[in-house]
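The residues making up each chain are set out below.
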Amino acid sequence: MCKKRKNTTKLNNAYFRGVGKQAFPTTLLSFQKKWLDTWRGNPPGPILLIFGLITGIIMSIPIVYVIWRSLSAGAERWIRLLDTRIPQLLWNTLSLAAAVTICAVVIGISLAWIVIRTDIPGKKFWQWILALPLAIPPYVGAVTYIIVFGRSGWTRDLWLNSPWLTSTFGIYPINVYSFWGVFLILSMFTYPYVYLIASAALRKMNNNFEEAARSLGMNTSQIFWRVTLSLLRPAIGAGAILVSLYVMSDFGAVAMLRYVTFTAAIYFQRAGFDTASAAILSLVLILLTIIILWIESVSRRKNKYFQTAGTHRELEILPLGKWKVPALLYVSIIFLFSVLLPISVLAYWSNIGIRMGALDSRFFGFALNSLKISTLTSLLCMLFALPVVYLKNRYPSIISSAIDRLAYAGYALPGVIAALGFIFIFNNHLPALYRTFYMIVLAFIVRFLPQAVQTSEASISLISPRIDEAARSLGCPPWKVLLKVIIPNMLPGILAGGALVFVSSIKELPVTLMLRPPGFDTLAVRVYFEAHEAVYHLAAPAALLIIIASIIPLRYMLSKY
Amino acid sequence: MHAIELKTITKKYPGAEKAAVSNLCLTVEKGEIVTLLGPSGCGKSTTLRMIAGFKKADKGSITLAGNIMSSSNTWIPPERRGVGMVFQDYALFPHLNVFNNVGFGYKDRDRKERIAEIIELVNLKGYEKRYPHQLSGGQQQRVALARALARKPVVILLDEPFSSLDADLRNHMRLEVKRIIKESGATAIFVSHDQKDALAISDSIVVMNHGIIQQKGTPQEIYQYPRNKFVATFVGQTNILKGKTGEDKYSVITALGAIRRTQPHGLKPGEEVYVSIRPDSLEVNHEGQIKGYIKELTYTGQSIDAVVEVIADDNTKLHLLTHIHPQEHKKVGEPVRLEIIPHFISVMPSCA
Numbered sequence: 001m002c003k004k005r006k007n008t009t010k011l012n013n014a015y016f017r018g019v020g021k022q023a024f025p026t027t028l029l030s031f032q033k034k035w036l037d038t039w040r041g042n043p044p045g046p047i048l049l050i051f052g053l054i055t056g057i058i059m060s061i062p063i064v065y066v067i068w069r070s071l072s073a074g075a076e077r078w079i080r081l082l083d084t085r086i087p088q089l090l091w092n093t094l095s096l097a098a099a100v101t102i103c104a105v106v107i108g109i110s111l112a113w114i115v116i117r118t119d120i121p122g123k124k125f126w127q128w129i130l131a132l133p134l135a136i137p138p139y140v141g142a143v144t145y146i147i148v149f150g151r152s153g154w155t156r157d158l159w160l161n162s163p164w165l166t167s168t169f170g171i172y173p174i175n176v177y178s179f180w181g182v183f184l185i186l187s188m189f190t191y192p193y194v195y196l197i198a199s200a201a202l203r204k205m206n207n208n209f210e211e212a213a214r215s216l217g218m219n220t221s222q223i224f225w226r227v228t229l230s231l232l233r234p235a236i237g238a239g240a241i242l243v244s245l246y247v248m249s250d251f252g253a254v255a256m257l258r259y260v261t262f263t264a265a266i267y268f269q270r271a272g273f274d275t276a277s278a279a280i281l282s283l284v285l286i287l288l289t290i291i292i293l294w295i296e297s298v299s300r301r302k303n304k305y306f307q308t309a310g311t312h313r314e315l316e317i318l319p320l321g322k323w324k325v326p327a328l329l330y331v332s333i334i335f336l337f338s339v340l341l342p343i344s345v346l347a348y349w350s351n352i353g354i355r356m357g358a359l360d361s362r363f364f365g366f367a368l369n370s371l372k373i374s375t376l377t378s379l380l381c382m383l384f385a386l387p388v389v390y391l392k393n394r395y396p397s398i399i400s401s402a403i404d405r406l407a408y409a410g411y412a413l414p415g416v417i418a419a420l421g422f423i424f425i426f427n428n429h430l431p432a433l434y435r436t437f438y439m440i441v442l443a444f445i446v447r448f449l450p451q452a453v454q455t456s457e458a459s460i461s462l463i464s465p466r467i468d469e470a471a472r473s474l475g476c477p478p479w480k481v482l483l484k485v486i487i488p489n490m491l492p493g494i495l496a497g498g499a500l501v502f503v504s505s506i507k508e509l510p511v512t513l514m515l516r517p518p519g520f521d522t523l524a525v526r527v528y529f530e531a532h533e534a535v536y537h538l539a540a541p542a543a544l545l546i547i548i549a550s551i552i553p554l555r556y557m558l559s560k561y
Numbered sequence: 001m002h003a004i005e006l007k008t009i010t011k012k013y014p015g016a017e018k019a020a021v022s023n024l025c026l027t028v029e030k031g032e033i034v035t036l037l038g039p040s041g042c043g044k045s046t047t048l049r050m051i052a053g054f055k056k057a058d059k060g061s062i063t064l065a066g067n068i069m070s071s072s073n074t075w076i077p078p079e080r081r082g083v084g085m086v087f088q089d090y091a092l093f094p095h096l097n098v099f100n101n102v103g104f105g106y107k108d109r110d111r112k113e114r115i116a117e118i119i120e121l122v123n124l125k126g127y128e129k130r131y132p133h134q135l136s137g138g139q140q141q142r143v144a145l146a147r148a149l150a151r152k153p154v155v156i157l158l159d160e161p162f163s164s165l166d167a168d169l170r171n172h173m174r175l176e177v178k179r180i181i182k183e184s185g186a187t188a189i190f191v192s193h194d195q196k197d198a199l200a201i202s203d204s205i206v207v208m209n210h211g212i213i214q215q216k217g218t219p220q221e222i223y224q225y226p227r228n229k230f231v232a233t234f235v236g237q238t239n240i241l242k243g244k245t246g247e248d249k250y251s252v253i254t255a256l257g258a259i260r261r262t263q264p265h266g267l268k269p270g271e272e273v274y275v276s277i278r279p280d281s282l283e284v285n286h287e288g289q290i291k292g293y294i295k296e297l298t299y300t301g302q303s304i305d306a307v308v309e310v311i312a313d314d315n316t317k318l319h320l321l322t323h324i325h326p327q328e329h330k331k332v333g334e335p336v337r338l339e340i341i342p343h344f345i346s347v348m349p350s351c352a
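In order, the protein sequence lines correspond to chains A and B. According to the working numbering, the residues represented by the first sequence are 1 to 561, in order. According to the working numbering, the residues represented by the second sequence are 1 to 352, in order.
These are calculated hints, taken from the structure and not from any lab test. Think of the CB as a built atom: it goes at the ideal place given N, C-alpha and C, for glycine as much as any other residue.
Selected chain A positions facing chain B (Cβ under 7 Å, derived; list incomplete):
(1) D37
(2) R466
(3) I467
(4) E469
(5) A470
(6) S473
(7) L474
(8) G475
(9) C476
(10) P477
(11) V485
(12) N489
Derived PhoX-like pairs: lysine-lysine, alpha-carbon spacing no greater than 20 Å straight-line:
(13) K33/A - K18/B
(14) K33/A - K12/B
(15) K18/B - K56/B
(16) K182/B - K152/B
(17) K152/B - K112/B
(18) K33/A - K59/B
(19) K152/B - K30/B
(20) K295/B - K331/B
(21) K34/A - K56/B
(22) K33/A - K56/B
(23) K242/B - K291/B
(24) K480/A - K107/B
(25) K123/A - K324/A
(26) K330/B - K295/B
(27) K107/B - K484/A
(28) K204/A - K123/A
(29) K34/A - K59/B
(30) K12/B - K34/A
(31) K30/B - K182/B
(32) K56/B - K7/B
(33) K124/A - K324/A
(34) K30/B - K7/B
(35) K242/B - K317/B
(36) K30/B - K178/B
(37) K268/B - K249/B
(38) K317/B - K291/B
(39) K129/B - K484/A
(40) K204/A - K124/A
Could you put the whole structure together from the sequences, leaning on the hints where they help?
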């Protein structure tokens, strides 16, 4: 590395002397100069750069491949799909995304405001418990709703046994296998995204604005609508983006309830071996995602809010008064549908399952598969995140921010598309690895690396670059600085990222479904299949185990917000 | 052999209009403490970072103890320069205790003894097991200094080391840091924008502005004989007047009349000059030639800063700063007379 530096200096200085007797051709010199300028005179070592570039390439492979595949699918196929499937899919996907987003935002904001700003009894309990649905994967939620409200569900039996209900409302009007069923379930399990971000924003909000409004003669409801809500707009935007991206990428819940959005269509096209059509549908979904991200970035640029710092004071807690009972009722209803119902249904069936011997060696085999795949994924994500954040933070340049952007691409990339990209590549170029354990891990990395990058980035940004320089001046070459100083100090952040990735991997469904080798089942896959065949006593213990594993990082997230 | 030798070093940041440092030449002798003094953006930190090896000079050479560190065909990375560095925020390793911070990167067989010795030197005995967040600001600075000195560096570089300390501690640490560096025998370069730091601690001061050395000299030289208007105004308080040199070698003609120095100014007659009169060279008394009235009074404790408004020869108003003894009771608006004591009057060519 040192040798290379020497070389660069030589070239660089020759350039300044006006180039002359040096043997290097001018183009090479100007390239060297450009290279140095790109890195602001501070290029990283080759190993670090290669690691970063490899990560960037891995992250971009599936998306590039899907786009390329769809563009080479032929005009005829495009026209057929555009005429027949795409309009319906667009309507299904967009209407669902819009409805769920609106509902999740309303629920999330209202809950956050109630449990943070009012004197509702059991404040602390509600603050924690209302974030819990985040630990319940929507496909697990869907299973429990099917058990309760489905065609052979508990409520149906109850309904048909009460002649009064049947005579007034007709024969069982509830149908979970519908738009409204999917809408309700996704809303119940995605509102915590908005709720958590809004709670954090409400806690940080500066009381002075509200006092100013009050001094100008506004009452509580005016203040909420005109001051609080408008200050919450960035939080609402961020939460809405997360929810709408989630809805567009969700496969499990949608597939369980037999509602067809893009992800489900892609999955079933591919299952029918029409990969070209699957690629086309994927491209349309990618474009939708990009449009949403673009709208968000535009609206964020338009609205910049600054909270005046320095004069932060505890927010005033508003007395609910006569609204205490309605507020409590509202919060309890959300709690009932998003936490109590799914957990108790799962507990009930798990209990039956365990007594019927569901925790057999097969079950532990699935659990072990889940554990293996999630452990390897989280270890690799921690490892890959490191060069990405180190480059971005310590060697700022176009190249390092490009790698960083690519590392985040998986965030918005639906699992089915990532899986599709890997199917193309491995099928055509790496048949030896096709449908192996390692292929799933690679696809998982593409999907979940952003979580590891995000937490690592947060922790490296707290380490002053002066710390690196101090270590350098004390005789450590850059790689040693990374090992002896940077990594030990980043460790909590790296581990937190690893934990998040671990849980996401445990929950993951579509990628595993599409890429798993024959006979390789994880807990998530088992939940999907057993629930499909209504063998609930086998699905429930696996689902419960997934939820329990997810609660651990939830604690981390809650402490962060 | 000089401890540090900088030859015509130049650094221009990509995208910047002007060079941050241009054609800077500087030599520092072994054991000397030098301060690079200047306003922010004057290039002092860039110079320091080039010596440490964190920035690469576009041009010129850097030699430390006779070894070329950076030149047109040499580049030694910071870890092999043998330079100790103390950072503004100390940059202590948060995951290591005092002992391991000081011993970081020190691998010789006498590690334990050396660390103990240096911890003793900075008066931190008994704190070896503490972590940086358990230390006060002054203690953190001692650790930073000990860490930089542990490997017996050729040169120790200190980047605004006092700026995050409060005033009391700052005065104390100046003396303490000077003692430690002198005892260790290291050659030191400080970077500071605070003239008090510079005057108190340095053997010599290098005043910089716009990437160029304005003047190098001992603290007394810099204060008493500033070479140009920038140095005169940046170091200490002063009154600057425009003028012309008179026929004899001693006098300068200004709006306040002819001012006669005790020493020759060494300039040709009739040259355009600036005259710098320190507040201490203006005395308020009854015999003074200059008549004015008090415009502003600021009580500082040791003295009172008084701004005196004077009508000059060309009928313009001049505001002159002077110090009054705190026991003297003067009021704003009161007429006073000023006398110029010719000792600390500097005359500088207006083009310098």
